[in-house]
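There are 2 protein chains.
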Amino acid sequence: MDYIKIFSPATIANLSCGFDVLGLCLDNVGDEMTVRKIDEKTIRITKIEGADLPLETEKNVSGVAALALLHEWDTDYGFEIEITKNIKAGSGIGSSAASAAGSVFAINELLGRPYENKDLVRFAMQGEKLASGSAHADNVAPALLGGITLVRSYDPLDIIKIEAPEELFATVIHPQIELRTADARSVLKQHITLQNAITQWGNVGGFVAGLYTRDYGLIGRSLQDKIVEPIRGLLIPGFDRLKIACQTQGALGSGISGSGPSVFALSRGFETAQNAASAMSQVYDDMKLPYEIHISGINPEGIKILDKK
Amino acid sequence: MDYIKIFSPATIANLSCGFDVLGLCLDNVGDEMTVRKIDEKTIRITKIEGADLPLETEKNVSGVAALALLHEWDTDYGFEIEITKNIKAGSGIGSSAASAAGSVFAINELLGRPYENKDLVRFAMQGEKLASGSAHADNVAPALLGGITLVRSYDPLDIIKIEAPEELFATVIHPQIELRTADARSVLKQHITLQNAITQWGNVGGFVAGLYTRDYGLIGRSLQDKIVEPIRGLLIPGFDRLKIACQTQGALGSGISGSGPSVFALSRGFETAQNAASAMSQVYDDMKLPYEIHISGINPEGIKILDKK
Numbered sequence: 001m002d003y004i005k006i007f008s009p010a011t012i013a014n015l016s017c018g019f020d021v022l023g024l025c026l027d028n029v030g031d032e033m034t035v036r037k038i039d040e041k042t043i044r045i046t047k048i049e050g051a052d053l054p055l056e057t058e059k060n061v062s063g064v065a066a067l068a069l070l071h072e073w074d075t076d077y078g079f080e081i082e083i084t085k086n087i088k089a090g091s092g093i094g095s096s097a098a099s100a101a102g103s104v105f106a107i108n109e110l111l112g113r114p115y116e117n118k119d120l121v122r123f124a125m126q127g128e129k130l131a132s133g134s135a136h137a138d139n140v141a142p143a144l145l146g147g148i149t150l151v152r153s154y155d156p157l158d159i160i161k162i163e164a165p166e167e168l169f170a171t172v173i174h175p176q177i178e179l180r181t182a183d184a185r186s187v188l189k190q191h192i193t194l195q196n197a198i199t200q201w202g203n204v205g206g207f208v209a210g211l212y213t214r215d216y217g218l219i220g221r222s223l224q225d226k227i228v229e230p231i232r233g234l235l236i237p238g239f240d241r242l243k244i245a246c247q248t249q250g251a252l253g254s255g256i257s258g259s260g261p262s263v264f265a266l267s268r269g270f271e272t273a274q275n276a277a278s279a280m281s282q283v284y285d286d287m288k289l290p291y292e293i294h295i296s297g298i299n300p301e302g303i304k305i306l307d308k309k
Numbered sequence: 310m311d312y313i314k315i316f317s318p319a320t321i322a323n324l325s326c327g328f329d330v331l332g333l334c335l336d337n338v339g340d341e342m343t344v345r346k347i348d349e350k351t352i353r354i355t356k357i358e359g360a361d362l363p364l365e366t367e368k369n370v371s372g373v374a375a376l377a378l379l380h381e382w383d384t385d386y387g388f389e390i391e392i393t394k395n396i397k398a399g400s401g402i403g404s405s406a407a408s409a410a411g412s413v414f415a416i417n418e419l420l421g422r423p424y425e426n427k428d429l430v431r432f433a434m435q436g437e438k439l440a441s442g443s444a445h446a447d448n449v450a451p452a453l454l455g456g457i458t459l460v461r462s463y464d465p466l467d468i469i470k471i472e473a474p475e476e477l478f479a480t481v482i483h484p485q486i487e488l489r490t491a492d493a494r495s496v497l498k499q500h501i502t503l504q505n506a507i508t509q510w511g512n513v514g515g516f517v518a519g520l521y522t523r524d525y526g527l528i529g530r531s532l533q534d535k536i537v538e539p540i541r542g543l544l545i546p547g548f549d550r551l552k553i554a555c556q557t558q559g560a561l562g563s564g565i566s567g568s569g570p571s572v573f574a575l576s577r578g579f580e581t582a583q584n585a586a587s588a589m590s591q592v593y594d595d596m597k598l599p600y601e602i603h604i605s606g607i608n609p610e611g612i613k614i615l616d617k618k
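Chains as they are written, first to last, in the numbering used here: chain A, 1 to 309; chain B, 310 to 618.
The set of hints was computed from the structure by calculation and includes no laboratory data.
All values reported here derive from a predicted model rather than from experimental measurement.
Beta carbons: idealized from backbone N, C-alpha and C, even for Gly.
Check before you lean on any hint, since a few could be wrong.
Below, simulated DSSO-like cross-link-like pairs (lysine-lysine); rule was C-alpha separation at most 30 Å, straight line [said to hold, decoys possible]: (1) B:Lys427 - A:Lys226; (2) A:Lys288 - A:Lys304; (3) B:Lys394 - B:Lys346; (4) A:Lys226 - B:Lys470; (5) A:Lys189 - A:Lys161; (6) A:Lys308 - A:Lys161; (7) B:Lys535 - A:Lys129; (8) B:Lys618 - B:Lys597; (9) A:Lys226 - B:Lys438; (10) A:Lys189 - B:Lys498; (11) A:Lys161 - B:Lys438; (12) A:Lys59 - A:Lys85; (13) B:Lys535 - A:Lys226; (14) B:Lys314 - B:Lys397; (15) A:Lys41 - A:Lys5; (16) B:Lys438 - B:Lys535; (17) A:Lys161 - B:Lys350; (18) A:Lys308 - A:Lys226; (19) A:Lys189 - B:Lys535; (20) A:Lys309 - A:Lys226; (21) B:Lys535 - A:Lys118; (22) B:Lys498 - A:Lys226; (23) B:Lys470 - B:Lys427; (24) A:Lys226 - A:Lys85; (25) B:Lys613 - B:Lys535; (26) A:Lys5 - A:Lys304.
Quick look at which bits of chain A chain B covers, simulated, 3 or more residues with Cβ under 8 Å [said to hold, decoys possible]: (27) 9-20; (28) 25-31; (29) 91-98; (30) 153-163; (31) 221-228; (32) 278-287.
Pair ranges (Cβ atoms, derived) [said to hold, decoys possible]: (33) A:Leu157 - B:Glu580: 45 to 55 Å; (34) A:Pro230 - B:Ser443: 20 to 30 Å; (35) A:Leu157 - B:Gln591: 46 to 56 Å; (36) A:Thr248 - B:Gln504: 28 to 38 Å; (37) A:Lys309 - B:Lys498: 51 to 61 Å.
Construct all of the structure, not just a fragment, from the sequences and the given hints.
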């Protein structure tokens, strides 16, 4: 096999209570990437459609992730990468993660799968480090594994995949403003109250329990964030109105997707997710703010192979 | 029914990662209590064996918890309570919780079960408030519900019961020193780093996932505490040696039981729990420190009725 074409999905990190540890894989939003073996021992980004991103390997997240993989798994050949970006950079649904995870996934396939998907996370994290200054895994893990992932620990890396309940659907609205992950991180306080932390880890426990027991009510009650949302929410236009809008439509809960500015809601059933989408759209229509909106099931497997030869 | 005799179990709160939210119910360590209906509309503590505790209703945790229940559920009669304490006060395995939970459980039975056990938690918490100054639920919840409990939220109270994996056993060693919960709380810092908090909620998520998937390794890896243990561990004689001792015997993990001074280990299988007990005993034998040690399965149902008529 010398050629592979993949779909690399968008992801929602944090999920309110799980800052830096939880992530969810979307099903119908994502980039396409093709990767080809080449004789020359190098990584080359030949084309990026849909976004103005650097082609230079060391400055491109997919390039850096690929180099991290090949630094460990030596070959005497190289790879050419083409990317069609559908996930907007800075949207908060794992644009850089899709590129980084996609590149190492595709190369691993072309190498004959020396690594399990879980083991690719640490290479993809190097792409995230380039993008945001922090080698976080909460987007690349769900992109590579699908479902909902928990990064229990970074040192050593310990990632748990949790299957999403079948009826869970996500609505994501992306106001067309750009918010850089690095900026969104810089507003965070480095110390928090023990009381808020206790509330937060109670909710992480509740959310995980809700996933395993398919208790949608518990999932919804656990989607709370006392730590990051009160600060980052201020950077997102109409944030409180979006939350109220989806709540009135019966969404289980809502919050900031990753570091924003996208806002997500989780719902039980497609119809509720659709109603949440209408209500959230109305908020931005009223504000005359351009936006994109997605309604998606939870992708159970992560990156998909579209073609190979 | 005018009389009931119950077994009210000891409990391990916090479980390392889950400060103030997680708790576990022990099976073979606990108090006995008898409660009788009396004509007079009052709560009377008639006898306490095995501990020097106040008989005055308003100063006794079981009295205060009973009053909280009867404040809401009015009767024209009262109750007499006798307690045989086997759980030492200040041991860190929920001595006050056993008394508070036991009293409201027994009275609820004699009233004809107007409340579900889960609804009794808030009354029992009033006993905890008397004992430690804080109306926490992480001991009374597992005592009343059994298994492992997660207090997701205090306002509103939202408690999730998780069944413990069958092969999980606890070892608890209690050095014969007294450490008051209120004192153990006062040493805690009220602000923590965001980084440590993230580690902690990653572990809570991992622990809960490990319970549902019966992944004993994950349960063990998640039994970590970067926040409370480094501070409270200093108050417990030989704490680091105890941790190493049970680890060398293959325990999954260990930590401070509640606010200490008891130290617990969780193991897969009774034999490992027994080996952990021997190794932990040896530490205190070497230090010539008197101790009590318990090996227990996880009590799936909480408080047990021994007799009623």
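Outcome of the hint check:
A hinted pair counts as satisfied when its Cα atoms are at most 30 Å apart, and B:Lys427 with A:Lys226 qualifies at roughly 26 Å. For the given pair, A:Lys288 sits about 36 Å from A:Lys304 by alpha-carbon distance, which is inconsistent with the 30 Å threshold. Note on B:Lys394 and B:Lys346: the hinted pairing holds, with a Cα-Cα distance of about 21 Å set against a maximum of 30 Å. For the proposed pair A:Lys226 and B:Lys470, the alpha carbon gap of about 24 Å is at most 30 Å, so the pair holds.
For the hint pairing A:Lys189 with A:Lys161, the CA-to-CA distance comes to about 29 Å; that is within 30 Å, so the pair holds. Of the supplied pair hints, the one linking A:Lys308 and A:Lys161 holds, its CA atoms being roughly 26 Å apart against a limit of 30 Å. Distance check on the hinted pair: B:Lys535 and A:Lys129 sit about 25 Å apart at the alpha-carbon level, within 30 Å; holds. Restraint check: the Cα-Cα separation between B:Lys618 and B:Lys597 comes to about 47 Å, which exceeds 30 Å; the hinted pair is violated.
A C-alpha spacing of about 25 Å is found between A:Lys226 and B:Lys438, which places the hinted pair at or below 30 Å, so the restraint holds. Taken as a hint, the A:Lys189 and B:Lys498 pair is honoured in the structure, with Cα atoms around 17 Å apart against an allowance of 30 Å. The hinted pair formed by A:Lys161 and B:Lys438 fails the criterion: a straight-line CA distance of about 39 Å is larger than 30 Å. Restraint check for A:Lys59 and A:Lys85: the C-alpha separation of about 16 Å stays at or below 30 Å, so the hint holds.
As the CA atoms of B:Lys535 and A:Lys226 are separated by approximately 20 Å, the hinted pair is consistent with the 30 Å bound. Between B:Lys314 and B:Lys397, the direct Cα distance comes to roughly 20 Å. Compliance with the 30 Å bound is thereby established for this hinted pair. A distance of roughly 21 Å separates the Cα atoms of A:Lys41 and A:Lys5; the hinted pair therefore holds under the 30 Å criterion. Note on B:Lys438 and B:Lys535: the hinted pairing holds, with a Cα-Cα distance of about 26 Å set against a maximum of 30 Å.
Distance check on the hinted pair: A:Lys161 and B:Lys350 sit about 55 Å apart at the alpha-carbon level, beyond 30 Å; violated. With a C-alpha separation of about 46 Å, the suggested pairing of A:Lys308 with A:Lys226 is violated against the 30 Å cut-off. Pair hint A:Lys189 plus B:Lys535 holds up; C-alpha atoms about 19 Å apart against a cutoff of 30 Å. Among the hinted pairs, A:Lys309 with A:Lys226 is inconsistent with the structure: their alpha-carbon atoms are about 49 Å apart, more than 30 Å.
With a C-alpha separation of about 26 Å, the suggested pair B:Lys535 and A:Lys118 falls inside the 30 Å cut-off, and the hint holds. Using a Cα cut-off of 30 Å, the hinted pair B:Lys498 and A:Lys226 holds, with the two alpha carbons roughly 19 Å apart. The hinted pair formed by B:Lys470 and B:Lys427 meets the criterion: a straight-line CA distance of about 9 Å does not exceed 30 Å. Of the supplied pair hints, the one linking A:Lys226 and A:Lys85 is violated, its CA atoms being roughly 33 Å apart against a limit of 30 Å.
Restraint check for B:Lys613 and B:Lys535: the C-alpha separation of about 35 Å exceeds 30 Å, so the hint is violated. For the hint linking A:Lys5 to A:Lys304, the alpha-carbon distance of about 9 Å falls within 30 Å, and the restraint holds. Counting residues of the region 9-20 of chain A whose beta carbon lies closer than 8 Å to any beta carbon of chain B gives 4, which reaches the threshold of three, so the coverage claim holds. Chain B is given as covering the region 25-31 of chain A, and this is violated because 0 residues of the stretch bring a CB closer than 8 Å to a CB of that chain, at least three being needed.
For the region 91-98 of chain A, the stated coverage by chain B is violated: 0 residues have a C-beta nearer than 8 Å to a C-beta of that chain, whereas at least 3 were required. Only residues whose C-beta sits within less than 8 Å of a C-beta in chain B count toward coverage, and the region 153-163 of chain A has 4 of them, enough to reach three; the restraint holds. For the region 221-228 of chain A, the proposed coverage by chain B is satisfied: 3 residues have a C-beta within less than 8 Å of a C-beta in that chain, meeting the threshold of three. Coverage of a stretch by a chain is defined here by at least three residues with a beta carbon nearer than 8 Å to that chain's beta carbons; for the region 278-287 of chain A and chain B the count is 0, and the condition is violated.
A C-beta distance of roughly 32 Å is found between A:Leu157 and B:Glu580, which places it outside the suggested range of 45 to 55 Å. Separation of A:Pro230 from B:Ser443 is about 25 Å and conforms to the stated range, judged on CB atoms against 20 to 30 Å. Distance hint check for A:Leu157 and B:Gln591: the Cβ-Cβ separation is about 35 Å, which falls outside the suggested range of 46 to 56 Å. Checking the proposed 28 to 38 Å range against A:Thr248 and B:Gln504 shows it holds: the Cβ atoms sit about 37 Å from each other.
Hint check: A:Lys309 to B:Lys498, Cβ distance near 59 Å, so the stated range 51 to 61 Å holds.
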